[in-house]
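Asker: Sequence:
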Amino acid sequence: MATLLYRLGRGALRRRRLVVALWLVVLVVAGLAAATLRGPTASNFTMPGTESQRALDLLSEQFPAASGATGTIAIKAPADGQLATPEGQAVVQELVQEASTLPGVVGAVNPFQVGAVSPNGRYALVQVQFATGGDEVTDEQRTAYEEVGAAVEAKGWQVAPGGEVLGGEPEIGSTEALGVLVAAIVLIITFGSLVAAGMTMLNALIGVGVGMAGLFALSGVIELTSTAPILALMLGLAVGIDYSLFITSRHRQNLLEGLSPEEAVGRAVGTAGSAVVFAGATVVIALAGLAVVNIPFLTVMGLAAAGTVTIAVLVAITLQPALLGFAGNRVLPRRLRSTVDAAAPGEPVGEETVPAEDRSGFGFRWARFVIRFRVPVILVSLLGLGLLALPTPDMRLALPDASTATVGSPARVASDLTTEGFGPGFTGRLAVVVAGDDAQATAAAVPQVTAMIQRTENVLAVAPPQLSPDGRTALLGVVPKTGPTDEATETLVHDVRDAVGGVQGVEVLLTGATAIGIDVSEKLSDALPIYLLLVVGLSVLLLMLVFRSLLVPLKAALGFLLTVAATFGITVAIFQQGHLANLVGLDTPAPLVSFLPILLIGILFGLAMDYEVFLVSRMREDFVHGDTAREATISGMGHGARVVTAAALIMMSVFGGFVFLEDPIIKSMGFALAIGVAIDAFVVRMTIVPAVMSLLGDRAWWLPRWLNRALPNVDIEGEGLREHLEDRTPTRV
Numbered sequence: 001m002a003t004l005l006y007r008l009g010r011g012a013l014r015r016r017r018l019v020v021a022l023w024l025v026v027l028v029v030a031g032l033a034a035a036t037l038r039g040p041t042a043s044n045f046t047m048p049g050t051e052s053q054r055a056l057d058l059l060s061e062q063f064p065a066a067s068g069a070t071g072t073i074a075i076k077a078p079a080d081g082q083l084a085t086p087e088g089q090a091v092v093q094e095l096v097q098e099a100s101t102l103p104g105v106v107g108a109v110n111p112f113q114v115g116a117v118s119p120n121g122r123y124a125l126v127q128v129q130f131a132t133g134g135d136e137v138t139d140e141q142r143t144a145y146e147e148v149g150a151a152v153e154a155k156g157w158q159v160a161p162g163g164e165v166l167g168g169e170p171e172i173g174s175t176e177a178l179g180v181l182v183a184a185i186v187l188i189i190t191f192g193s194l195v196a197a198g199m200t201m202l203n204a205l206i207g208v209g210v211g212m213a214g215l216f217a218l219s220g221v222i223e224l225t226s227t228a229p230i231l232a233l234m235l236g237l238a239v240g241i242d243y244s245l246f247i248t249s250r251h252r253q254n255l256l257e258g259l260s261p262e263e264a265v266g267r268a269v270g271t272a273g274s275a276v277v278f279a280g281a282t283v284v285i286a287l288a289g290l291a292v293v294n295i296p297f298l299t300v301m302g303l304a305a306a307g308t309v310t311i312a313v314l315v316a317i318t319l320q321p322a323l324l325g326f327a328g329n330r331v332l333p334r335r336l337r338s339t340v341d342a343a344a345p346g347e348p349v350g351e352e353t354v355p356a357e358d359r360s361g362f363g364f365r366w367a368r369f370v371i372r373f374r375v376p377v378i379l380v381s382l383l384g385l386g387l388l389a390l391p392t393p394d395m396r397l398a399l400p401d402a403s404t405a406t407v408g409s410p411a412r413v414a415s416d417l418t419t420e421g422f423g424p425g426f427t428g429r430l431a432v433v434v435a436g437d438d439a440q441a442t443a444a445a446v447p448q449v450t451a452m453i454q455r456t457e458n459v460l461a462v463a464p465p466q467l468s469p470d471g472r473t474a475l476l477g478v479v480p481k482t483g484p485t486d487e488a489t490e491t492l493v494h495d496v497r498d499a500v501g502g503v504q505g506v507e508v509l510l511t512g513a514t515a516i517g518i519d520v521s522e523k524l525s526d527a528l529p530i531y532l533l534l535v536v537g538l539s540v541l542l543l544m545l546v547f548r549s550l551l552v553p554l555k556a557a558l559g560f561l562l563t564v565a566a567t568f569g570i571t572v573a574i575f576q577q578g579h580l581a582n583l584v585g586l587d588t589p590a591p592l593v594s595f596l597p598i599l600l601i602g603i604l605f606g607l608a609m610d611y612e613v614f615l616v617s618r619m620r621e622d623f624v625h626g627d628t629a630r631e632a633t634i635s636g637m638g639h640g641a642r643v644v645t646a647a648a649l650i651m652m653s654v655f656g657g658f659v660f661l662e663d664p665i666i667k668s669m670g671f672a673l674a675i676g677v678a679i680d681a682f683v684v685r686m687t688i689v690p691a692v693m694s695l696l697g698d699r700a701w702w703l704p705r706w707l708n709r710a711l712p713n714v715d716i717e718g719e720g721l722r723e724h725l726e727d728r729t730p731t732r733v
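According to the working numbering, the sequence shown is numbered sequentially starting from 1.
Calculated from the structure, these hints are not laboratory results.
A couple of the hints might just be wrong.
[What the hints assert, rightly or not] Mimicking DMTMM-like on lysine to aspartate or glutamate, the simulated pairs with C-alpha atoms at most 25 Å apart in a straight line are:
#, residue 1, residue 2
1, K481, E164
2, K155, E420
3, K155, E87
4, K481, D401
5, K523, D486
6, K155, D416
7, K76, E87
8, K523, E164
9, K523, D498
10, K481, E522
11, K523, D57
12, K76, E146
13, K481, E457
14, K481, E51
15, K76, D401
16, K155, E98
17, K481, D394
18, K76, E164
19, K76, E98
20, K523, D394
21, K481, D80
22, K523, E51
Turn these sequences into a full structure, and let the hints steer you where they fit.
Answerer: Written out as structure tokens, the structure is:
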């Protein structure tokens, strides 16, 4: 592979104008396709095969009037008892009439007709039924709904529209640009050259632009959840910058060794580019592997992110060499350019002018320190990661609800007002669908089902049934005593299903946003161990191919598990338990979003393998060429520490920029990825790995002969390339 990439890099530099032109054409075409073909994103998380989804499908087929999105308008009178007065009832009736005439609304229910009035006569809930599902509600319809009740509020009443219809797409604003700005600063410091830093950033942005435009173009034919483009953008930016950083760093080193720009690019793409392709492939495989859990919205999220990573790899190994060809020696710091220009063809610049080669640099000093105190370093690192992982067993998963929305947002105001007047259960009501072959069977079963539910612990109330026009389908509203993400509500869902499961002659199904969230979370929790086993097994196999070793892959896999456990622990402590939540701008602690752990495993796996390959491949290279295991470890750390540090800081900056978003889902994803990269890069790869490698010594590189013969040689370190080039003398141009 290294030889093939070497030729690709040289070819891209020779035809740099054509390569740049082709990528710009691809960007423009993708942008036009996105502008003309873009479809809406979905804010709901469906789960085919679950009881809650089957109930929704049944309603859509037999009771379509009840299958659309719902809204709940919370009303608060200026004083207790005011709703019972003629003036108060007139105000409520005015609001009901206004809501029923909103665009997209099929009807609004007067709270006095269904008893949706608080005992103190101050709060009321107006149910609003839309004709279409939440994802089909237009922005104009949603805006009109959010502005309902302005005349009533002018009289001193409080009106708060809420409900599932308010679900929308998270907005990307200027705060995330801070992460990109920090990444640019890291690049400038790392390279000491504005040209190198700007070119690397430009390369990554073009890749992200192509990937995101292509994703939005496909959104017209596939259903994207609202978080899928955010994840793709987050990951595409981070890996795009990192992959370009790796290749540019190796290219600069080659120039300092006296190679011509064309030869330097070729060897950079052949060596560092091989690591980029491998790292990108691991991320893509891990993300595409989300399809094995058979959850459609998660599969789409994984494939969307995998697509942007694929584009990032292609851009790094084709467009980056072309841009490096335009830059020439300007990718070097100004103080080294004249030295390189003055050097004779093939003559190295000299180690004393190249900080990365100075064996007294931080990377070398850190490696020597870690190796000298390797046992205490390993024990302290393990103890620290173990302490961070302590909250992990308490992790709870759920889909977000309005009670965890940003304080002051319309959804949160409505939720808080409803809880204030009626209790938390009214913000997460359940729906029971009773469907029979005929109206008589349904009518006979409804009282029986109602009585069973009322006898279930933690049920506050059961609303009177709504019947479909043919009488075959009935819809019962169930109000829990606890909130949507409370453990008691989860228990209630199972208790209700167990209680009504034996009713004869009809089909009884439990659904609603709360039940859907519980079903999604449980299925994801069940899939998590299987996916983790798949990813760990894949990491061992891939690294065995790369390093021709048994112990190195096992050590890498165990390190990855430490990263995951510690990342889960600190994320649970902050986002679920609320410790230091104000530092990340979190208003309300809540269970983690149900798909966060499985996504985190897939993404961190690829990034962990990225740093592992970059550091350990140099160790193996030096060991194979005669260094002792100790010296090889020091050399690998010394040469790779600066670039891995820069890459990790860039990743953390890009991911951390999304913590400033108000959406709690995106906030938690950005935080978990940023902290996961920090733990894996600085604690696991740059501390535990060199300590363990020096402890293992020569045994680290042992592989049974029969297994060595059986495994294919992917040549990710460029051994075949070195043999191909060993008789060639580079010339300068």
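Asker: Decide, hint by hint, whether the structure agrees.
Answerer: Consistency of the hints with the structure:
For the suggested pair K481 and E164, the alpha carbons sit about 20 Å apart, so the restraint of at most 25 Å is met. A hinted pair counts as satisfied when its Cα atoms are at most 25 Å apart, and K155 with E420 qualifies at roughly 21 Å. Between K155 and E87 the alpha-carbon distance is near 11 Å, which keeps this suggested pair within the 25 Å criterion. As the CA atoms of K481 and D401 are separated by approximately 16 Å, the hinted pair is consistent with the 25 Å bound.
Annotation: proposed proximity of K523 to D486 holds, straight-line Cα distance about 18 Å (limit 25 Å). For the proposed pair K155 and D416, the alpha carbon gap of about 21 Å is at most 25 Å, so the pair holds. With a C-alpha separation of about 14 Å, the suggested pairing of K76 with E87 holds against the 25 Å cut-off. Of the pairs offered as hints, the one joining K523 and E164 holds, with about 22 Å between alpha carbons and a cut-off of 25 Å not exceeded.
The straight-line distance between the Cα atoms of K523 and D498 is roughly 18 Å, inside the 25 Å bound, and the hint therefore holds. For a cut-off of 25 Å, the pair hint linking K481 to E522 stands: about 21 Å separates their Cα positions. Proximity of K523 to D57 is assessed by CA-CA distance (about 19 Å); at most 25 Å being required, the pair is judged to hold. This hinted pair checks out: K76 and E146 have alpha carbons roughly 16 Å apart, not beyond 25 Å.
For the hint pairing K481 with E457, the CA-to-CA distance comes to about 9 Å; that is within 25 Å, so the pair holds. Pair hint K481 plus E51 holds up; C-alpha atoms about 22 Å apart against a cutoff of 25 Å. This hinted pair checks out: K76 and D401 have alpha carbons roughly 21 Å apart, not beyond 25 Å. Distance restraint check for K155 and E98: the Cα-Cα separation of roughly 15 Å lies within the 25 Å cut-off, and the hinted pair is therefore satisfied.
Taken as a hint, the K481 and D394 pair is honoured in the structure, with Cα atoms around 23 Å apart against an allowance of 25 Å. Annotation: proposed proximity of K76 to E164 holds, straight-line Cα distance about 20 Å (limit 25 Å). Of the pairs offered as hints, the one joining K76 and E98 holds, with about 17 Å between alpha carbons and a cut-off of 25 Å not exceeded. For the hint pairing K523 with D394, the CA-to-CA distance comes to about 18 Å; that is within 25 Å, so the pair holds.
As the CA atoms of K481 and D80 are separated by approximately 23 Å, the hinted pair is consistent with the 25 Å bound. Distance hint between K523 and E51 is fulfilled; the C-alpha atoms sit about 12 Å from each other, no more than 25 Å.
In terms of the numbered hints stated before, the structure departs from none.
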